[in-house]
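Sequential numbering of the sequence shown, starting at 1, is according to my numbering.
By construction, these hints were calculated from the structure, which means they are not laboratory data.
Only a predicted model underlies this, so the values are computations on that prediction, with no experimental measurement involved.
Some hints could be false.
Unchecked claim - Derived DMTMM-like pairs (lysine to aspartate or glutamate); straight-line CA-CA distance at most 20 Å:
1) LYS26 x GLU115
2) LYS174 x GLU234
3) LYS231 x GLU214
4) LYS196 x ASP69
5) LYS231 x ASP139
6) LYS98 x ASP38
7) LYS174 x ASP186
8) LYS3 x ASP38
9) LYS183 x GLU159
10) LYS174 x GLU220
11) LYS94 x ASP38
12) LYS73 x GLU195
13) LYS124 x GLU31
14) LYS196 x GLU214
15) LYS174 x ASP198
16) LYS124 x ASP198
17) LYS50 x ASP148
18) LYS134 x GLU159
19) LYS228 x GLU211
20) LYS210 x GLU189
21) LYS73 x ASP198
22) LYS210 x GLU234
23) LYS26 x ASP136
24) LYS39 x GLU220
25) LYS210 x GLU220
26) LYS183 x GLU220
27) LYS39 x GLU182
28) LYS39 x GLU193
29) LYS192 x GLU227
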Amino acid sequence: MSKVRHILSLSGGKDSTALAIYMRDKVPDMEYVFCDTDKELPETYEYLTKLEYFLGKRITRLTDGGGFDHWLKVYGGYLPSSRMRWCTRMLKIKPFEKYVGDDNVMMYVGIRADEDRSAYVSSKPNITPVLPFKDDGIDMEGVRRILDESGVGLPSYYEWRTRSGCYFCFFQRKAEWVGLLEKHPDLYEAAKEYEKFDSVTGDRYTWTQKESLEELASPERVAEIKEKHKKALETKQQRRANLPLLEVLNEVLEDENDDEPCHFCHV
Numbered sequence: 001m002s003k004v005r006h007i008l009s010l011s012g013g014k015d016s017t018a019l020a021i022y023m024r025d026k027v028p029d030m031e032y033v034f035c036d037t038d039k040e041l042p043e044t045y046e047y048l049t050k051l052e053y054f055l056g057k058r059i060t061r062l063t064d065g066g067g068f069d070h071w072l073k074v075y076g077g078y079l080p081s082s083r084m085r086w087c088t089r090m091l092k093i094k095p096f097e098k099y100v101g102d103d104n105v106m107m108y109v110g111i112r113a114d115e116d117r118s119a120y121v122s123s124k125p126n127i128t129p130v131l132p133f134k135d136d137g138i139d140m141e142g143v144r145r146i147l148d149e150s151g152v153g154l155p156s157y158y159e160w161r162t163r164s165g166c167y168f169c170f171f172q173r174k175a176e177w178v179g180l181l182e183k184h185p186d187l188y189e190a191a192k193e194y195e196k197f198d199s200v201t202g203d204r205y206t207w208t209q210k211e212s213l214e215e216l217a218s219p220e221r222v223a224e225i226k227e228k229h230k231k232a233l234e235t236k237q238q239r240r241a242n243l244p245l246l247e248v249l250n251e252v253l254e255d256e257n258d259d260e261p262c263h264f265c266h267v
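Working from the sequences, and respecting the hints, build out all of it.
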C-alpha cells in the first residue's frame with residue numbers, strides 16, 4: 001500500500017494559518033501548500049513568510065502555469081463571479097489536484113467548530129478531507145488564541161479586510177474595496193483595468209454588481225460607504241458589547257454581503 005500523504009492547503013487567512021500551527025507537532029510530515037494566483041495582496045505573501053519561520057518548513061507554492069490573465073482570455077473576458085467561480089477552479093483546485101496526483105491524501109481544512117459550512121471535497125476519490133477544528137471543538141476564540149500564543153498573530157490586512165484571496169476578489173464588500181483603494185491605490189487601479197463596458201450593447205463587466213470601481217472611488221461615494229460602515233460598526237458594538245473587534249468587523253461585513261466564499265481562498 002502506498003504511503004498516505006498529509007497536506008494542508010493554506011489560503012493566507014487566519015483559520016488555515018491557525019490550523020497549520022495547531023498541526024505542526026501533531027503531524028511532523030505535513031506538507032504545506034499555497035495555491036498562488038500571483039494576484040494576492042502583498043500582506044498575504046508577508047504572512048506566509050512569517051508562518052514559514054514558525055513552522056520551520058517551506059510552504060510549497062503551487063501555480064497553474066498560465067495565471068489569471070490567461071484564464072480570463074479562455075473564458076472570453078468574463079470576470080469570475082459568485083455564480084461562475086472559474087478562478088477558484090482553475091487557479092486553486094486544479095493546481096492542488098495536479099500536485100496530489102494519484103496519491104492517497106489526507107487534506108486538512110481549517111473550518112471551525114462554530115461554522116456551518118462544508119469543506120471542499122475533491123471529485124478525486126484519493127483525497128479525503130480532515131477537519132481537526134470541527135473534531136476538537138475549536139471555534140473563533142480558539143483560533144485567535146492559537147495565533148496569539150504562537151506570536152504569528154493575524155495578517156495585517158485584517159485591519160480593513162476579513163478574507164484572504166486575490167486583491168480584486170469579487171467577494172469583497174464595499175468597505176473592503178475602499179480599504180484597497182486607500183491601502184493599495186496601485187492595486188485598485190489595476191483592478192479597474194479589468195472592468196469593461198460595451199458601448200454597443202450597454203453590457204458592463206464589473207467586479208461589484210451595479211457599480212464600477214470608477215464610480216465607487218468617487219470622493220462622495222467613498223465618504224458614503226465609510227460613514228455607513230462606521231455606523232454599522234457602532235451599532236453592532238453596542239448590541240454585542242463583549243464581542244472582540246475582529247468579530248464585530250466580520251459580522252458587519254457579512255451583513256453587507258453574506259455570499260459564502262470559496263474555502264480554498266478564504267479559510
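Hinted pair LYS39 and GLU220, Cα distance within 20 Å: Not satisfied, since the Cα-Cα distance of roughly 28 Å exceeds 20 Å.
Given pair status - GLU214, LYS231, alpha carbons within 20 Å: Since the Cα atoms of LYS231 and GLU214 sit roughly 24 Å apart, the hinted pair is violated (cutoff 20 Å).
Holds or violated: LYS50 to ASP148, with C-alpha atoms at most 20 Å apart: holds, 13 Å
Hinted pair LYS183 and GLU159, Cα distance within 20 Å: Roughly 10 Å separates the two Cα atoms, so the pair holds.
Straight-line alpha-carbon gap LYS39 to GLU182, limit 20 Å: holds, 18 Å
Restraint check for LYS73 with GLU195, where alpha carbons must lie at most 20 Å apart: With a Cα-Cα distance of about 14 Å, the restraint between LYS73 and GLU195 holds, given a limit of 20 Å.
Restraint check for LYS196 with GLU214, where alpha carbons must lie at most 20 Å apart: holds, 11 Å
Agreement of LYS134 and GLU159 with the hint, judged by alpha carbon distance not exceeding 20 Å: violated, 27 Å
Restraint check for LYS231 with ASP139, where alpha carbons must lie at most 20 Å apart: violated, 27 Å
20 Å limit on alpha-carbon distance, applied to hinted pair LYS192 and GLU227: Cα-Cα ~23 Å, so violated.
Restraint status (C-alpha distance of LYS210 to GLU234 at most 20 Å): violated, 27 Å
Straight-line alpha-carbon gap LYS228 to GLU211, limit 20 Å: holds, 17 Å
Hint check: violations occur at hints 1, 3, 5, 8, 15, 16, 18, 22, 24 and 29; the rest are consistent with the structure.
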